[in-house]
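> Residue numbers (the UniProt record's numbering), protein chains in the order written: chain U, 1 to 403; chain X, 1 to 403.
Hints in this document: simulated from the structure, not taken from any laboratory. Some clues are possibly wrong.
Derived BS3-like pairs: lysine-lysine, alpha-carbon spacing no greater than 27 Å straight-line [claimed, not checked]: (1) Lys50(X) / Lys9(U); (2) Lys51(X) / Lys77(X); (3) Lys9(U) / Lys164(X); (4) Lys164(U) / Lys9(X); (5) Lys51(X) / Lys50(U); (6) Lys95(X) / Lys9(U); (7) Lys95(X) / Lys16(U); (8) Lys383(X) / Lys51(U); (9) Lys95(U) / Lys77(U); (10) Lys9(U) / Lys16(X); (11) Lys9(X) / Lys95(U); (12) Lys78(U) / Lys50(U); (13) Lys77(U) / Lys164(X); (14) Lys77(X) / Lys50(U); (15) Lys50(X) / Lys50(U); (16) Lys51(X) / Lys51(U); (17) Lys50(X) / Lys78(U); (18) Lys16(U) / Lys9(X).
Protein chains: 2
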Amino acid sequence: MKTAFHFSKDIEMAFKNDPPGQWLSTLPPNCLRLSSGYPAPALVPSEEIKKAVTRLLDEERDLPLHYLGSPRVPQLKKFLQERMVQRGVEASSSKLIVTSGACQAIDLIARVLLDDDAVVIVESPTYMEALEIFQNYTEHYMTIPIDEDGLQTELLASMLANRKEKGLPLPRLLYTIPTYQNPTGTTLSTERRQHVLALAEQYDFLILEDDAYGELGFHDNPSLLKAMDTNNRVLYVGSLSKVVAPGMRIGWVVADQQIIEPLNWFKKDLSHPFNEATMASFLEVTNFDGHLKFLTSAYESKCASMLSALEEFLPPAVSWFVPKGGYFVWVKIPGVDTSKMLPKALAAGVSFVPGKYFFLDQEKGLEYLRLSFSYANEEEIVKGVELLGQVTGVNIPVTEDAE
Amino acid sequence: MKTAFHFSKDIEMAFKNDPPGQWLSTLPPNCLRLSSGYPAPALVPSEEIKKAVTRLLDEERDLPLHYLGSPRVPQLKKFLQERMVQRGVEASSSKLIVTSGACQAIDLIARVLLDDDAVVIVESPTYMEALEIFQNYTEHYMTIPIDEDGLQTELLASMLANRKEKGLPLPRLLYTIPTYQNPTGTTLSTERRQHVLALAEQYDFLILEDDAYGELGFHDNPSLLKAMDTNNRVLYVGSLSKVVAPGMRIGWVVADQQIIEPLNWFKKDLSHPFNEATMASFLEVTNFDGHLKFLTSAYESKCASMLSALEEFLPPAVSWFVPKGGYFVWVKIPGVDTSKMLPKALAAGVSFVPGKYFFLDQEKGLEYLRLSFSYANEEEIVKGVELLGQVTGVNIPVTEDAE
Numbered sequence: 001m002k003t004a005f006h007f008s009k010d011i012e013m014a015f016k017n018d019p020p021g022q023w024l025s026t027l028p029p030n031c032l033r034l035s036s037g038y039p040a041p042a043l044v045p046s047e048e049i050k051k052a053v054t055r056l057l058d059e060e061r062d063l064p065l066h067y068l069g070s071p072r073v074p075q076l077k078k079f080l081q082e083r084m085v086q087r088g089v090e091a092s093s094s095k096l097i098v099t100s101g102a103c104q105a106i107d108l109i110a111r112v113l114l115d116d117d118a119v120v121i122v123e124s125p126t127y128m129e130a131l132e133i134f135q136n137y138t139e140h141y142m143t144i145p146i147d148e149d150g151l152q153t154e155l156l157a158s159m160l161a162n163r164k165e166k167g168l169p170l171p172r173l174l175y176t177i178p179t180y181q182n183p184t185g186t187t188l189s190t191e192r193r194q195h196v197l198a199l200a201e202q203y204d205f206l207i208l209e210d211d212a213y214g215e216l217g218f219h220d221n222p223s224l225l226k227a228m229d230t231n232n233r234v235l236y237v238g239s240l241s242k243v244v245a246p247g248m249r250i251g252w253v254v255a256d257q258q259i260i261e262p263l264n265w266f267k268k269d270l271s272h273p274f275n276e277a278t279m280a281s282f283l284e285v286t287n288f289d290g291h292l293k294f295l296t297s298a299y300e301s302k303c304a305s306m307l308s309a310l311e312e313f314l315p316p317a318v319s320w321f322v323p324k325g326g327y328f329v330w331v332k333i334p335g336v337d338t339s340k341m342l343p344k345a346l347a348a349g350v351s352f353v354p355g356k357y358f359f360l361d362q363e364k365g366l367e368y369l370r371l372s373f374s375y376a377n378e379e380e381i382v383k384g385v386e387l388l389g390q391v392t393g394v395n396i397p398v399t400e401d402a403e
Numbered sequence: 001m002k003t004a005f006h007f008s009k010d011i012e013m014a015f016k017n018d019p020p021g022q023w024l025s026t027l028p029p030n031c032l033r034l035s036s037g038y039p040a041p042a043l044v045p046s047e048e049i050k051k052a053v054t055r056l057l058d059e060e061r062d063l064p065l066h067y068l069g070s071p072r073v074p075q076l077k078k079f080l081q082e083r084m085v086q087r088g089v090e091a092s093s094s095k096l097i098v099t100s101g102a103c104q105a106i107d108l109i110a111r112v113l114l115d116d117d118a119v120v121i122v123e124s125p126t127y128m129e130a131l132e133i134f135q136n137y138t139e140h141y142m143t144i145p146i147d148e149d150g151l152q153t154e155l156l157a158s159m160l161a162n163r164k165e166k167g168l169p170l171p172r173l174l175y176t177i178p179t180y181q182n183p184t185g186t187t188l189s190t191e192r193r194q195h196v197l198a199l200a201e202q203y204d205f206l207i208l209e210d211d212a213y214g215e216l217g218f219h220d221n222p223s224l225l226k227a228m229d230t231n232n233r234v235l236y237v238g239s240l241s242k243v244v245a246p247g248m249r250i251g252w253v254v255a256d257q258q259i260i261e262p263l264n265w266f267k268k269d270l271s272h273p274f275n276e277a278t279m280a281s282f283l284e285v286t287n288f289d290g291h292l293k294f295l296t297s298a299y300e301s302k303c304a305s306m307l308s309a310l311e312e313f314l315p316p317a318v319s320w321f322v323p324k325g326g327y328f329v330w331v332k333i334p335g336v337d338t339s340k341m342l343p344k345a346l347a348a349g350v351s352f353v354p355g356k357y358f359f360l361d362q363e364k365g366l367e368y369l370r371l372s373f374s375y376a377n378e379e380e381i382v383k384g385v386e387l388l389g390q391v392t393g394v395n396i397p398v399t400e401d402a403e
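Between the sequences and the hints, there should be enough to build the whole structure, so can you do that?
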């Protein structure tokens with residue numbers, strides 16, 4: 001007999017959406033990767049991590065392969081706490097939890113805060129994997145457009161006032177990447193940071209500050225929302241994926257102890273002593289500020305190459321935001337459906353992520369694409385943008401299928 | 001203003017229970033660890049893992065530190081698939097998902113299958129961390145006692161018939177550790193395996209087969225429930241924690257593709273390329289059957305030492321099941337509340353886990369304790385049991401507080 005499976009309501013909700021990872025395309029061999037939001041191979045300290053893990057296992061033998069108290073597991077947590085303090089955030093032990101990357105952190109926060117009637121405010125566009133996560137919990141969103149100064153808080157304020165006036169449900173949570181945003185590369189201005197914190201207080205919502213790129217500024221990094229937060233409204237999510245290595249899966253949350261405790265309650269992959277102790281071993285011999293300086297100098301140069309290639313090879317109607325840090329350039333190609341342009345780009349040998357995947361209402365993203373200057377080297381970036389210019393010339397209208 | 005947090009219904013349900021990890025006690029220095037369900041330090045291949053990770057990073061450099069397709073990530077999956085086939089289980093790629101340990105696998109399965117009105121069948125006693133997980137999803141259980149042949153399926157059958165007759169909700173899922181069970185060390189007989197599969201078909205429930213210890217038999221291992229399952233009723237959960245190293249966090253699920261797909265949907269720590277590729281690198285130069293033989297021979301000898309020490313040092317009224325494999329001996333001390341005995345044992349220098357933590361109704365477990373022969377060496381085991389005999393002599397009655 002064929003077994004009919006009975007699934008939970010969570011699954012019924014999730015399965016209304018597209019499966020996760022639809023934005024990932026299969027890349028042909030030797031494709032120039034302007035889609036990949038990963039650190040460049042040359043910028044991943046693989047040799048240092050090899051030394052770190054060797055030293056770890058030489059010194060601790062089986063300890064980090066067990067749950068027996070590798071001294072480096074609390075050492076990693078201490079490093080992250082101290083780093084937060086340096087950045088103006090109080091982060092005592094009970095206020096910080098180490099997670100398996102930022103995605104898990106976002107997922108745990110959503111689980112702890114969101115019922116299926118909760119309203120979530122998201123930036124439009126925003127990180128597609130965060131959208132995938134939130135859609136496992138609720139169908140109710142307020143989407144706030146981004147401009148060159150980030151989330152448009154005036155618009156948010158009027159939408160909130162309007163909701164309140166109409167007696168509509170008010171949001172529980174705002175998800176924001178205020179600094180070097182994914183995908184737009186924009187940074188929330190100081191005024192808007194203050195404004196969004198005031199709105200959170202006025203309308204009683206929490207703010208999930210996703211800071212995956214926050215230390216990757218080409219010059220000074222702005223103050224964290226969490227550092228400006230006097231009312232315990234901000235749940236800070238950090239990650240070492242963009243500044244050390246994504247495959248190590250080290251993220252963390254700093255929030256009120258009342259939030260951290262339930263996150264731990266639902267974190268059923270448990271802790272990861274091998275990864276955490278390896279990372280601690282790497283960090284204990286690394287000048288972290290020096291490492292960041294090395295990274296940001298390289299990324300600034302790569303970004304400059306991308307921007308000048310865009311000027312050179314893309315038609316004049318094409319526009320983009322100029323990032324002050326991070327990994328991404330957000331490009332608008334008026335009148336072109338970039339998802340239809342992608343197969344041609346891949347055939348030509350360059351990849352990007354079509355803009356539509358960063359929007360809940362995908363129609364709003366058709367004319368956009370995300371380029372990453374993080375992974376490819378400068379030569380590849382220039383060549384990739386040149387190829388992009390060639391396929392952009394094909395000029396596929398948004399309104400009709402040109403294939 | 002002090003922010004009042006609004007939590008999800010999930011949290012409200014979870015917070016009715018004790019926080020996870022209550023069963024973990026703080027061990028004094030040099031305590032003989034008969035509580036730890038971990039492989040012995042000497043049996044964890046830390047030197048081989050060091051070589052494996054060094055070789056991995058030498059050969060692949062940054063690949064396993066990224067999400068860029070380390071060839072060893074699919075290689076690990078292939079190893080697990082082939083191992084399952086050897087054990088009589090069809091495990092095509094779409095039917096197997098690698099998880100961050102067995103706990104995460106159990107949690108994902110619970111999330112996908114259980115609403116808060118779902119009834120779950122659990123063995124009594126059973127793995128305390130599984131109880132912690134299920135209690136995050138539902139309050140409704142059927143608890144089925146264990147005897148020396150494992151889960152008492154006749155009793156389960158009559159309880160199911162009774163529920164059906166009374167029109168009570170029927171269970172959605174049975175959680176079982178059929179082989180070398182945690183904490184009892186018992187193994188479900190072949191007849192009962194057939195019986196429980198027939199009951200699953202008759203009453204339309206699924207079976208979560210937790211096989212964390214299933215390859216650790218001192219002699220032949222029994223057939224897997226999943227290998228006997230002709231109706232797609234069994235969701236198999238495996239783990240390399242007990243046979244390689246818990247800190248590597250490698251578990252997996254084999255089930256119908258209809259189940260695997262949603263597990264992947266909710267697995268928001270993503271995959272762990274560094275751990276998975278390191279494990280693949282270890283396995284590619286390891287004779288796995290030889291490694292298992294080495295482990296089981298060591299554990300058989302450690303178990304024999306523990307059993308003869310129990311004979312020698314414990315009062316005659318004390319009884320236990322004789323395990324055919326695994327990590328644990330389940331000890332009954334009639335008339336003694338083992339949780340009250342624990343501080344005395346710790347003060348004497350030996351640890352165990354009080355039996356009550358393995359029961360939903362903790363009162364049922366007062367006279368029991370779990371000893372593990374996995375972690376301590378033979379000398380420590382004998383000494384530990386001797387110390388246990390001394391504190392058992394104190395004879396703390398169940399019915400009154402002797403402290």
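> So, for every hint listed, does it hold in this structure?
Structure-based check of all given hints:
Only pairs whose Cα atoms come within 27 Å are accepted, and Lys50(X) paired with Lys9(U) is rejected, the gap being roughly 44 Å. Pair hint Lys51(X) plus Lys77(X) holds up; C-alpha atoms about 21 Å apart against a cutoff of 27 Å. Of the supplied pair hints, the one linking Lys9(U) and Lys164(X) holds, its CA atoms being roughly 24 Å apart against a limit of 27 Å. Proposed proximity of Lys164(U) and Lys9(X) is supported: the alpha carbons are some 24 Å apart, at most 27 Å.
For the suggested pair Lys51(X) and Lys50(U), the alpha carbons sit about 10 Å apart, so the restraint of at most 27 Å is met. For the proposed pair Lys95(X) and Lys9(U), the alpha carbon gap of about 22 Å is at most 27 Å, so the pair holds. Between Lys95(X) and Lys16(U), the direct Cα distance comes to roughly 22 Å. Compliance with the 27 Å bound is thereby established for this hinted pair. Taking the CA atoms of Lys383(X) and Lys51(U), the gap is about 39 Å. The hint is violated against a cut of 27 Å.
With a CA separation close to 11 Å, the supplied pair Lys95(U) and Lys77(U) stays within the 27 Å bound. Between Lys9(U) and Lys16(X), the direct Cα distance comes to roughly 21 Å. Compliance with the 27 Å bound is thereby established for this hinted pair. Restraint check for Lys9(X) and Lys95(U): satisfied, since their Cα atoms lie roughly 22 Å apart, inside the 27 Å limit. Distance restraint check for Lys78(U) and Lys50(U): the Cα-Cα separation of roughly 22 Å lies within the 27 Å cut-off, and the hinted pair is therefore satisfied.
Taken as a hint, the Lys77(U) and Lys164(X) pair is broken in the structure, with Cα atoms around 51 Å apart against an allowance of 27 Å. Annotation: proposed proximity of Lys77(X) to Lys50(U) holds, straight-line Cα distance about 23 Å (limit 27 Å). For the hint pairing Lys50(X) with Lys50(U), the CA-to-CA distance comes to about 9 Å; that is within 27 Å, so the pair holds. With a CA separation close to 12 Å, the supplied pair Lys51(X) and Lys51(U) stays within the 27 Å bound.
For the hint linking Lys50(X) to Lys78(U), the alpha-carbon distance of about 25 Å falls within 27 Å, and the restraint holds. Restraint check: the Cα-Cα separation between Lys16(U) and Lys9(X) comes to about 21 Å, which is no more than 27 Å; the hinted pair holds.
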